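**Q** Residue numbers (UniProt numbering), protein chains in the order written: chain E, 1 to 202; chain Z, 1 to 227.
The reader is advised that the hints may include incorrect statements.
According to the in silico footprint, chain E covers these stretches of chain Z (three or more CB under 8 Å from chain E) [claimed, not checked]: (1) 16-22; (2) 39-46; (3) 101-108; (4) 134-148; (5) 198-206; (6) 215-224.
Read the hints as simulated data drawn from the structure, not as lab findings.
Note that this is a predicted model, so its numbers are computed, not measured.
Beta carbons are placed, not taken as given, at the ideal position from N, Cα and C, and that holds for glycine.
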Amino acid sequence: MSRSAFWLATACGLVIAGIVHIATVLAIPRFSEGDAFTRARASETLDHPLRIHGLAGGPPAAGGEWLPNPDPSVSVGVCSYDLDDGPMRVSAQAGSLMLSVSMHSRRGAFYAVTDQAAVRGGLDLVVMTRAQYDEALANDVAGEVTRDVRIIAPSRRGFATVRVIAALPSERAVADAAVQAVSCTIDSPAEPTDEEPGRGKG
Amino acid sequence: MALSSGIGPVAARSAREESSSRLRRLARGAATRSSRVGLFVYALTLGGLLGLASADYATSGGYPFGGTSIGSWTAWPRAGSLDSDPYARAVNARRGDIPLAVGEGMLLTAASDDEGRTLDARCSYRLAGVTPPARAWTITVTGRGALPPGQEPVRTGFTSTEILRETDGRFAILLSPEVQPGNWLPMPRPSGPVRLALRLYDTPVAASVGSLDRDSLPAIERTGCGS
């Protein structure tokens, strides 16, 4: 076996290694089963956030408590959505504690807002597809002011994250309760159709 | 062989030579072919193993790059956004992490003190100074690996509300294995490297990390080292 053939094979091996490396890194998020997107889907049937990092102790929710390095003073909940079922509405009441809501698709966060953006003490975010957004615009009554924040999602499925900061240890139970008090519901279409009887809230 | 014996010994010998040389040629061809197959298998194995091992190495643990280092701190403003790099995305997917979005806050980490020495759980440190503008912040210390149950430290972090401040608004956190007066943050492990995480919530600097400099972040100064 000639030496040059060996070096050629090694060079080919290194090129293959580079290709395999890039393909693997790109494929990990797509095929991962332990990522937040996959695990958040346990919350799809709930109409309030699934608590994934509680502060007050107590038994963790089923499928929760997976965050690798959570902030010990922030209570975190997730709501998964599938826009095929209809736009998802996240409603939060601004309380005494700082609250933030962020919207994530599988590729990353695409929107985030804190309770400072609340209108009259309430925060209403509606995640929708482009078609649902156009429909909502068409159904808007002229002259009526809506306080909904309408967000167009880059993909059909994703999840919302609710974070409430307990600045003092005595506020931990309040922070957990504030996460639970947020509602994540599926908006029924403006004119209810027969396919989705009695689903979601207006 | 009946035929060859009929022709004569000379022809039989030449036939034998011819068949043996054909055998030799065949063997040489097989050797080249097998060495070619061997090289092919070698290249594929080398590529596959190296590629998978390097991908695993790059995506296990922390983000390999994409941070902005400011003194001993590293800011990660884009770790969770849509335009994060593929490595950060893979790291998040493997850990199941939900990073802070730009509008929510920003994470800063530190693994070494201001003189570049790795933060060691047997040493004492003084974190002093100011933080960038933010509605709230928390500072936490973590060690590597899981702790045995029942040995959780009494405190793993401070929030901006909890902390005791000087009259001018500055603060000092004492990170030490020994009990300290003031803002004492106990070491989470008896030994080994530790990491600090500063999370700024609802902060304007997440959108402009370039505006941060060393003086706008707490200094990390080593004050002593136990044996």
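**Q** Okay, which hints does this one fail, numbers in order?
**A** 1 and 6
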